[in-house]
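Here are the chains, one letter per residue:
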Amino acid sequence: MIGFATRRLLQAMIVMLVVALLAFTMFRFVGDPVNQMVGIETSIEEREALRERLGLNDPIPVQFFRFVTQAAQFNFGTSYQFRQPVSDLFAKRIPATLELSFTSALFALVVGIPMGIYAGLNRESAVSKLFLSVSLIGISLPTFFIGILLIFLFSVTLQWLPSFGRGEVVPVGSWWTTGFLTVSGLKALILPSITLGLYQMTLIMRLIRAEMLEVIRTDYIKFARARGLPDRLVNFRHALKNTLVPVITITGLQLGAIIAFATITETVFQWPGMGLMFLQAVQNVDIPIMSAYLLLTAFLFVAINFIVDILYFFIDPRLRVGRP
Amino acid sequence: MPYVSNEDAKVDEQTAPGRLTKILDSDMFHSFLRSKVTVVAACGTLFLFLLALLAPWVAPHNPFDLASISIMDARVPPVWMEYSDPRFLLGTDDQGRDLLSGIFYGMRISLIVGFCSVAAAAVLGITLGLVAGYMGGRVDAVIMRIADVQLTFPAILIALLIDGIAAGVFGSIDREIFAFYILIVSLSLSFWVQYARTVRGSTMVEKNKEYVQAARVIGIPSAIIMARHILPNVMGPVMVIATINLALAIVTEATLSFLGVGMPPTQPSLGTLIAIGNDFLYSGEWWIAIFPGLALALLVLNVNLLGDWLRDALNPKLR
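Residue numbers (my numbering), protein chains in the order written: chain A, 21 to 344; chain B, 562 to 880.
Incorrect hints may have been included.
Pair ranges (Cβ atoms, derived) [claimed, not checked]:
hint, chain 1, residue 1, chain 2, residue 2, range
1, A, 95, B, 621, 36 to 46 Å
2, B, 601, A, 176, 27 to 37 Å
3, A, 157, B, 617, 25 to 35 Å
Beyond 10 Å from chain B on every Cβ pair, some chain A residues (computed) [claimed, not checked]:
hint, residue
4, 22
5, 92
6, 107
7, 142
8, 203
9, 256
10, 257
11, 318
Don't read these hints as lab results, they were simulated from the structure.
Glycine is no exception: its CB is placed at the ideal position from the N, C-alpha and C atoms.
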């Protein structure tokens, strides 16, 4: 177990170093950092002084080492566009993105699992076929267009729900702000989280359905039925439990995808999160924000992958035998 | 089985069956006919492709002909609504361009970008996969490590990053001129991994077979062995990935264009059209965004259905 975890950790660190090298290359070589920071009337001497002060004349490996050490301390430099430390900008926007992602994941699980169970148990019923057709359409509709359709239907036509922003937010602790505690905040969450979670919902539904179909054919389920156990017990206690292993893995991996696709949803709904800021940075070539976002998402992905790998180790005993 | 006797009859008719009858009698074609959804999807895909291909001839107007468009016709609703104009079936956009024609031309651009990026990604992925699988050792380790790292990120993020970097390198004016090429590069760099992994796997199987060893013994250079001998034998799965990736590439292109980093409004793809229409959604001119969106969804749905079928039909496990 410890050997397995150490090896995974080592791999994760190599991945992070590679990504850091990429982020550093972007930061250092796409456009001139000094030109971005000073005005047009700054003299060449002043530019040189700034260059020296920022350490841009040091050997590249030294600069890279400094970049990594600073990034590890959440120091990503100053945004070209906002003239503020990048870490402050991210801190302000992380709560919005995490609350949106969390709600979407919850929506995907709470709606996707029952639909999948139903479709798996009643394979031939008309409702199951409807679920499957809807899920196919859900996969084919691009995220941003789902958002537009929802806005058109519920905000513009029916005027039930707001189409942009987070609503009213309440500060919790020193820097976190939450929309969970106000009515307008909760209302503002509904459309974006459905938009963001719909794809994951269809994915979970199809996965559970497929697993259920496979599991109910196995001998131990037939045996449980032969013993005369009630259907509810067989379906939920015996069958469902064994379908959940892949679901946990996929959900874990999809968490990362949700955070990445939040960029699109946040743009459609003008949701003040990290994704929207990243997109604005891409449009305005604000390299420090871009490289910080790259590092941050890479870290999230690597961390999630690592945790899922370790979880797998606990859930699936076969892995323990196969590897030292 | 009914089609066995059918085949006999055909062989009697003409002793050497032509290529067409061979295709019509293959397992794949029968599985194709058996799935009604697939037949509909194939017809739909063909129809949409033809519309896009023949856009300059079938579109009622030319949305790029500045002489024929008039700002007076801006934001005309579809014909079944009040204040509509019979010249514009689906209404017009904010500059008075016919929406239906815009959709035809937009689909053309979406499909061109989709096909080019799939082709570029396939060429890149196949080459790297062949080299990694054939060479093995350190080359293989480096290529596959890069692939692993990249696979942990969603393609859309990589495409966005590459777009941002390109903008930083080119500056904003050139960005519009190079938008098409930047898109192709960013999409192909985001999608090459799947091809590389598949091709590498099949190459590792193929390279130990006798025909490859024989070719090596008579001194044929590695590059030619890879291109002439191994490549034709690893192309099957690549076609499936390419079909499925076409839908994905079209969606990703549309998303990038919608986010404002893809095709510029001067050469609008479906995504750009939706982005333009999005600004008018709140003022009640819903058709400018919704119709291009529906066209996009229809296109992607059809290609997806076709890809799903192709994957199942070529998967020996499901036969």
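Handout entry: Numbered hints the structure breaks, given as an ascending list
Key = Of the numbered hints, 1, 11 do not hold.
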